[in-house]
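Engineer: Residue-level listing of the chains:
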Amino acid sequence: MARAITPRRKAITTVIAWTIGLLIFFPIFWTVLTSFKTEAEAVATPPRFLMFDWTLENYATVQERSNYFRHFWNSVVISLGSTVIGLIIAIPAAWAMAFVPGKRTKDVLMWMLSTKMLPPVGVLVPLYLLFRDTGLLDTRTGLVIVLTLINLPIIIWMLYTYFREIPGEILEAARMDGATLRSEILYVLTPMAVPGIASTLLLNVILAWNEAFWTLNLTAANAAPLTAFIASYSSPEGLFYAKLSAASTMAIAPILILGWFSQKQLVRGLTFGAVK
Amino acid sequence: MATKASKTAARLMISPAVILLLMWMIVPLAMTVYFSLLRYNLLMPGMESWAGFENYQYFFSDPAFTSALVNTLLLVGGVLFVSVVGGVLIALLLDQDFWGQGIVRLLVLAPFFVMPTVSALVWKNMFMNPVNGIFAWLFKSVGLQPFDFLTAAPLMSIIGIVSWQWLPFASLILLTAMQSLDSEQLEAAEMDGAPPLKRFWFIILPHLSRAITVVILIETIFLLSVFAEILVTTNGGPGTATTNLTFLVYVQSLLQFDVGLGSAGGVVAIILANIVAIFLMRMIGKNLDA
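Chains as they are written, first to last, in full-length UniProt numbering: chain A, 1 to 276; chain B, 1 to 290.
Everything labelled a hint here was simulated from the structure, so no lab data went into it. Careful, some of the hints might be misleading.
What the hints assert, rightly or not - Below 25 Å or equal to it, Euclidean Cα-Cα: the simulated DSS-like pairs (lysine-lysine) are: (1) A:K106 / A:K116; (2) B:K140 / A:K103; (3) B:K4 / A:K103; (4) B:K286 / A:K106; (5) B:K286 / A:K116; (6) A:K116 / A:K103; (7) A:K10 / A:K116; (8) A:K103 / B:K286.
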């Protein structure tokens, strides 16, 4: 950039940008702050900002009353499980489409994407009945299956856009040197593909963690992940803002941190490579 | 050069994914279509009988359907409007040079990572609650009556909550697109004396048009299926004021156990989503050739 920017202009932009950024972030900040208040202080008027007795009791209460960590663990198992299984199925498929493209590769890719366009509510009834009849309702296995399938197209697409950027010449050179398909994948491709696979994993864990249609409809008490557990706070019970905040803070903190790390890959993954 | 052996291997590698997705697509879809043609209520097991298009007739003549359709369109349209207009403005702002750019970008992006149930409940209780919410306090402190958002303007409130979640997505994508704009072009226009508004209208906006289309299409796919935010805030009410198509099907099939009617609604939702999907797929398909 050759354009000179006056310090004055930069200062004004800084103020405006920070104001908007903080306003957008405020609900999250407020949730975290409220989680450290007592229930009485959480509803105090005027709202207490930093001058209150900080307490950790809400975190203890939330765990005690409803076994928070079981739901947290459900979220971990479901989001990681569906992502890892998805990757195991998707990596070979994306690899093949990126390096051995056939006439119909593009059609297959587009068709896979089209399955993602299916509105979940369109298949809610049969899936619910299938799950009920096979005993998968309210099990982690059931949710892992569903989330693997709904996110599989995104995983394949994201991996495909990464793999396509690996220069084919390197593979040819390896082949000339007599590398077999197996060693080609193991020693040449894998090291180059690891960053792409890692960011695919990250984005998919985030999407699965926050998925709130199937997790709400297919679970009850046992397999409920955090999305469903937090929803149980929708029926108010006395003073509960501080407890709701503590439960929410624990539910969003890990994913917020992961998300901040993956913001660059996010654009590519969510637009199927249409915006880079 | 792909050899014959590698082609066979490639097919083998693709097939698990294809078979799984094929099953995922065909089995439930066929069942939905089939159920939609039956009289089938879970409360009366064993009483299933052929209904033809009866369910569709019921569904379309149900006043709840019309209001669900209108609510769906308002919800999608409202959130799109906020997130695209707001997203362009935020992208313009964040593209400027200022101190702490990286941090502000993280702050703006953050709501996208908040799970729907959390954001809906936090907004409902801690902000929009007419007694204890922050908005009520703000209203009172400037001498106004507190406003009961979710009762007096339920759909608008939900549009607000969902917009808060999707504005970051639009901003991030539009900012990414903005950064690929050739700055020399802008400088040349500036040298030729083009005022900022004209530069925006004739250079920046056309450059962003593709990204804006992508944002609109992708958000539409997700917004047609908004569910959790409605479930935990208004439960579709008051009346059917916040019932969208997704929520209506949920009520009919899982609360009223009318599998036939719910399935008919599901088929309608699929058709609606497909209209959007066709446009999106064309855009992405074009990009694949480029």
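Engineer: Look at each hint and say if it fits the structure.
Structural biologist: So, going through the hints one by one against the coordinates:
1. For the hint pairing A:K106 with A:K116, the CA-to-CA distance comes to about 16 Å; that is within 25 Å, so the pair holds.
2. Of the supplied pair hints, the one linking B:K140 and A:K103 is violated, its CA atoms being roughly 66 Å apart against a limit of 25 Å.
3. Annotation: proposed proximity of B:K4 to A:K103 holds, straight-line Cα distance about 14 Å (limit 25 Å).
4. Proximity of B:K286 to A:K106 is assessed by CA-CA distance (about 11 Å); at most 25 Å being required, the pair is judged to hold.
5. Of the supplied pair hints, the one linking B:K286 and A:K116 holds, its CA atoms being roughly 18 Å apart against a limit of 25 Å.
6. For a cut-off of 25 Å, the pair hint linking A:K116 to A:K103 stands: about 23 Å separates their Cα positions.
7. This hinted pair does not check out: A:K10 and A:K116 have alpha carbons roughly 43 Å apart, beyond 25 Å.
8. For the hint linking A:K103 to B:K286, the alpha-carbon distance of about 16 Å falls within 25 Å, and the restraint holds.
Comparing the model with each numbered hint stated earlier shows that hints 2 and 7 do not hold.
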